[in-house]
Structures are given as structure tokens and as C-alpha cells.
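J.: Taking the hints into account, I'd like the entire structure generated from these sequences.
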Amino acid sequence: MSQSVNDPHFILIAPPDSNRVTLFQQALARLRQPAACVVSYLDLLAGRIKLSNIVRANSLLRIESPGQEFEIEKALLALGASVADTENFARITAQEADNLSFEKGRILWPRQWYLGFCEALRLIEQQLADCAGFQLMNAPQDIALMFDKPRCHTLLRNQQISVPRSLGIIRSFNELVERMQELRCFRVFVKLAHGSGASGVVAYQTNGRQQQATTTVEMVRHKGELRLYNSRRLRTYHDGREIAALIDELCRHNVQVEQWLPKAGFKQKTFDLRVVVIAGRVQHIVARLSRHPITNLHLLNERSEVEAIQQKMGNTAWQAAMDSCERVMRLFPRSFYAGIDLLIAADYRHHAVLEVNAFGDLLPGVLWQGQDTYAAEINAVLANQSPHIAVSTN
Amino acid sequence: MAFEEHITEFAGHPVIDWNAEESIQDPQGTMYRISLSYDEQEGTTPWTEKLRQFFGASKPKPMVRWADKFNLFLDTPNAHQVTGLVIGDWRLGDAQDSASVVESLVEARDRLPNLTAIFLGDLTREECEISWLEQCDVSPLLNAYPQLEHFCVRGATNLSFGQLQHQHLKTLIVQSGGLGASVIHEILTAQLPQLEHLELWLGIDDYGGDAKVPDLQPLLDGNLFPNLTYLGLRNSEIADGIAQALANAPVLNGIKTLDFSMGTLSDTGAQALLTSPLIPNLQKLDIHHHFCSEAVVQKFAHLGIEVDTSEPQEEETYNNESWRYVAVSE
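Chains as they are written, first to last, in numbering that gives the first Met the number 0: chain A, 0 to 393; chain B, 0 to 329.
Everything labelled a hint here was simulated from the structure, so no lab data went into it. Take these hints with a grain of salt, some might be off.
[What the hints assert, rightly or not] From the derived model, a few chain B residues whose C-beta atoms are all more than 12 Å from chain A:
| # | residue |
| --- | --- |
| 1 | Gly11 |
| 2 | Ala78 |
| 3 | Arg124 |
| 4 | Thr156 |
| 5 | Gln164 |
| 6 | Glu195 |
| 7 | Glu198 |
| 8 | Pro213 |
| 9 | Leu284 |
[Said to hold, decoys possible] Ranges of calculated distance between the beta carbons of each label pair, as one might list FRET restraints:
| # | chain 1 | residue 1 | chain 2 | residue 2 | range |
| --- | --- | --- | --- | --- | --- |
| 10 | B | Leu73 | A | Arg208 | 30 to 36 Å |
| 11 | B | Asp38 | A | Asp129 | 27 to 33 Å |
| 12 | B | Pro145 | A | Arg231 | 50 to 56 Å |
| 13 | A | Arg208 | B | Tyr317 | 23 to 29 Å |
| 14 | B | Pro279 | A | Leu366 | 49 to 55 Å |
| 15 | B | Pro213 | A | Gln180 | 41 to 47 Å |
| 16 | B | Pro13 | A | Leu99 | 44 to 50 Å |
| 17 | A | Glu306 | B | Gln243 | 47 to 53 Å |
| 18 | B | Asn113 | A | Gly239 | 44 to 50 Å |
| 19 | B | Tyr317 | A | Gly239 | 20 to 26 Å |
| 20 | A | Gly239 | B | Asp25 | 48 to 54 Å |
| 21 | A | Gln140 | B | Asn319 | 54 to 60 Å |
[To be verified] If you only want the chain B side, here are some residues facing chain A, beta carbon under 8 Å, derived:
| # | residue |
| --- | --- |
| 22 | Glu4 |
| 23 | Glu8 |
| 24 | Ser34 |
For each residue, glycine too, the CB sits at the ideal point set by N, CA and C.
T.: Written out as C-alpha cells, the structure reads:
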């Protein structure tokens, strides 16, 4: 099959070595589509590549996760150094960002990273402003919004999507304790406002006499400085000073605090669902089972059959939950897909949307109607099934 | 393990959730769970309404107390025929103890003449850690239902049985991460002539399980509960010591099932059980979730009785110290 320059073709903005790129290329190959052109974040940020030189009519652009590659993280931190912020969150200079050396799992200025990432997304938009006839699979501004948990939560709540109650703006452990008492809410999740996966997540509970914080975060004191590291091993802190130090440190980078709603149990574990919505429809679903309150997949939790859960909920409750996921995506009309974290309540009747993940479609090996997520997205975008897809008319 | 799912069966009957405006279709064959969902717990009161407006939450809805829901249940046709109740989450977000629930149940005594089974506290860990679950003096409840046959309570914090006398109780289960010696004393001085199934989850000292082997001695002597056929001393960190004390204890003469599961039983305690002259007279021995060696596990197979040796555990080592964990603590 010969390809003309005007045939649809994919362009990925991604770290070239990431498994997301590999898997997407494999999906294209299986569908007998030409390989995607990969634009490296580093090249883009350094000005070595301009999208206007690459993007043509019928280009299908997919912005991928910048991932955990340290050089990209440093570049985004450096980029964020010069961005003005609304509040005084923890910052480092571009020079300091450049001098950072790699430490496995270390949480590095996530607020500043976010400012840098938004800047990168703006750069993409700017460069695309000169291009015509392309399609974006996910809009930069939608990605920015999904990566801002407080803002995203507000949007969902205002649109009457069922979400856990937010505790509002929290800037310290003391404020958290006060707000919890005020609202008589004794179990909360404290999450980095701009973290992904289980990064910087703390499940905190108190009854006024005892308290405990279960978390993926390890605290290390280094020359008087408190450093945070993500680890796969869950820790439980009981000591009030330790918990305060942890929460205070997370607050310096901006946090989203929500009521910890009791999740349903299944097979002697607790779970939530990752629901991938593609082209406006719920498609791939996995249950994330855990022996702990924190259920994210990369913590090596088991995937499990969703059907039994669906059956246990009954059709009405299940359909309401799926409808919520599709309604969420209607709030992002310029995004073709996202992965939604959905809580099923302990009573198997209620549900709540926990997170909207811009890059939450990485579910290797999970099939729906014989296709994995990437194949489903490729087929759908090629068929231009989505009424929402943004077609640039510049 | 921990409790991650609500119970699906109690006293031999299936358990289903009851929700407002639902009918009671099988009052004799089904146990009904009455539990507040977070949605009901989160309704508004006048002062939370102010906060609601501040945070811009969606439309107001009334907050539901457990007692309100229970009263709706009592007003439902067939409620008076119900034989079993499972009490789920009753708290309003707050760490509120079960006293108000016990009070509601006591008040309803004349409206539930057939009630023979109560499970008090079917909360999962996602709802409340077992050691944080606050109970109360449950003796008024047991006194209010003299026809009760099965009683299970989860959580031993602030739990008390008072000076209990009950003529019909056959099953008494206390599930806990730490059962205090004082509560054990109350149970072992209770007058329970019909008791057949006594199941105590002893838990660990860190969570209030401060009982030592001598605290259990009156039980081991075998004169307390003449009809006892099942004895469970489960989830215990002193399982080895209990096994040694129990190996020749008269209580074994009467019982058919000895349940040592979920605890820290190791070869030390297992050897005592294996050499006991009384153990082979049992019908069943349950030690699942244990720390015994493969060789010792093999020996149980030759006892000639049913032995559950599943879920072998490994000691964990921190700072050159070995730790054995019970199944449920926190």
C-alpha cells in the first residue's frame, strides 16, 4: 500500500524510548498503519525541532506523557523556574534544576514541574498555531486541566459529577487537622495536586486520639532538608510529628485533599476501577485490587475481572457509574480519550470519580472487543468517529 | 488479611443490604444489614449547610442517622418477623461508639419478637480500622433479647459484657485486633448455659489484647459452658502459650472443633497439640494462618482428624529480630 503525503499519519510527542511509544508503534503496525513520527520532548523544548516543520494536513497528533525520564523532568523544572505562580509554593532556580542528580523515586518540586509542563503545552499550541488541517487527539489545555487536581475536582463537582468531598485549600498539617474537625471528616486522602500514579499520596485518618498515615512516600532527612521519595512499599506512620512533617512538605508543593470514601471490597481486597473512555464511550475497564487503601496499578496490584463487580452492583448502579465517566469526558470535548479512576462505594451502589488521567490509557494487554486501548484509539480516530475531535481550521 | 468485604452470611443465612423503601421479602431466611452509606452520612445539618454553601456542594439532602434508617426498617411490612440483623456502619463520619445503636435496638425489643441473631459492627477496613471501632456495654442489648441465639461483635475497644446472664445464647463471637483481659473475664464469668460456639479473636497487645494465658485458665478447666462444642481462640499472638496450656485441658473433652487459626502458632505450640492425648478426640482442628514448619505440618496429617493447615506464613525479619504477625490487628 503506498502512502501519499496527505494520508493520515500519526505524530507522537513523547520520550522516544518510552514503552508507551513502543506499544503505540506496535499497535500501528498491527493495524498496518505506517509508524508514527516521534517528536522528543527534549528536542522540542530545546528548539531543535519545530512542529510546524513536521505537522502536515491529516497529521494526527498525540501528546504523550513526558514520563519519568530524568532529563525531561529537569528540563521541565528549569522551564518552570521562570513561570510566575499564583502562590508561594516551593521553587528552585533553573540552575539548581540543571544541577540536580538522579535519585530513584525522589519527588522533585512537583508544582514547579507542573508550571514547566504547562509551559511546554503552551509551546506546542503556539507551534501548532501555524499549522493547518491536523487533528489533536488530546488538547494541551485539557491535559493541563487534568493535571491540576484541585481545578479538575472543582470542574467535576460544579457539573454535578459525583466526587469525594474536597476539604478546600489546605496549606499545612495544622490547617488539615482544623478543617477535618470543622467538617467532621476523619479520613482523608492527601494527594499532590500535580502528581501522577500513587506519587505523593497519603491516606490519613484520625479519631482525635489516634492518627495514622498510610503512604507510598518515604521521608529522608538530608543535611537538615526533608526529602520525599516514592516507593513501592507502603509505610504507615503513627507519630504525629512524622505525619505533620510529611503533610507540611507535601503542602509546600500544593495538595488536593479529599474525603476518603470507603471503597468496596472484592476477593478479600479493596478496589477501584480504571475506566478508559475513548471517543466518548466507556471501553476498557480494569479493577485495581489492593490490600491497602492505595490502589494504583504501578504498585503491582492485580488486575481482575470486572464482570463479577458489575454483576454485584446490578445494572442500574453500574450504568450510572459508566454514565458518570462518559459525562466527565463530555467536559473535555477536545480530548479523544482519558483514563478515569472510579470509586465503587462499600455498599456497591454509589460511585465517585477520583481522578481524570490524561495519560491513563496505558493498559497493555487489556482488550475490549478484541482491541487494546491504543488500537481502539487509532481505529476510532481514523474512522473519525468522534464528534468531539478538534480539527484545526487555521 | 483484613476485612475488605461485608459479610455475606451469618448464622447460616445469607445477608443482604436493606435500603429505605425496599420491601422485606424473606424475614425468616435472610439477614438484613442496616448500614449508612457515605451518601446518607454526608447529608446536611444546619451548621454543615453553611459549609456546604461555602464549598459550593450540590443540592442539599438530609443527613440520615442510623436510628432513622432503623426506624424506617421497623415500619416496613414483615419487619416484625425478621430473625436476623447485621449492623453495618452507624457512624456519621465521626468516631462515634455503638451506644446509640444498642439503645435503638433495645427500644425496638417488642417490635422484633423473632430476632435470634445480631451481628454488631460489619464494617470493613475501608470504613474503619477494627481497632478504632468503638463499641460499648452490650449487655443491655443481650438482656433485651432473651431469645437471642447468635451474637457477633466486631471491635473490642470499649467493649463490655457487664454481668451477663443469658438463657438461650448459643453462639458468641468477638472479632477483634486486641481483646482485653477484662472483657475476657466478663465473658468467662457470664452465665451462658446454652453456649455451644465461643469464638474469641484475641489480637495483639499493641491494640489492647493484653490477656495472658492465666486469664483463659477458667475456660480451659472446662466447667463454664457445659454445651460448648466449638472453641475458637483465634488471631492470637500468644497462640503458642495457649496451645501448651490447652493440650491437656479438660475443656477439650467436650468440644468437637478447636480453632486456633489466624494467630502466630509455631512449632512450639504445634508440638504441644500433636502430643496431646485429647486432640485426637476432636473432629476438627483449625490452625490456618500459622508459622509451623513443613515437617510439623506433615505430622498433623497423621492425627486422624480433619486439620486445616492452610495459609502457612513466614516470619518477617527487621533489624535481626523475627516477627510473626496475626491475621488481623490494626
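J.: Next step is simple, just say for each hint if it's right about the structure.
T.: For each hint, the structure was consulted:
no. : hint                               : result
1   : Gly11                              : 21 Å, holds
2   : Ala78                              : 20 Å, holds
3   : Arg124                             : 7 Å, violated
4   : Thr156                             : 10 Å, violated
5   : Gln164                             : 33 Å, holds
6   : Glu195                             : 28 Å, holds
7   : Glu198                             : 19 Å, holds
8   : Pro213                             : 29 Å, holds
9   : Leu284                             : 23 Å, holds
10  : B:Leu73 with A:Arg208: 30 to 36 Å  : 34 Å, holds
11  : B:Asp38 with A:Asp129: 27 to 33 Å  : 50 Å, violated
12  : B:Pro145 with A:Arg231: 50 to 56 Å : 54 Å, holds
13  : A:Arg208 with B:Tyr317: 23 to 29 Å : 27 Å, holds
14  : B:Pro279 with A:Leu366: 49 to 55 Å : 54 Å, holds
15  : B:Pro213 with A:Gln180: 41 to 47 Å : 43 Å, holds
16  : B:Pro13 with A:Leu99: 44 to 50 Å   : 58 Å, violated
17  : A:Glu306 with B:Gln243: 47 to 53 Å : 49 Å, holds
18  : B:Asn113 with A:Gly239: 44 to 50 Å : 49 Å, holds
19  : B:Tyr317 with A:Gly239: 20 to 26 Å : 23 Å, holds
20  : A:Gly239 with B:Asp25: 48 to 54 Å  : 49 Å, holds
21  : A:Gln140 with B:Asn319: 54 to 60 Å : 55 Å, holds
22  : Glu4                               : 3 Å, holds
23  : Glu8                               : 15 Å, violated
24  : Ser34                              : 7 Å, holds
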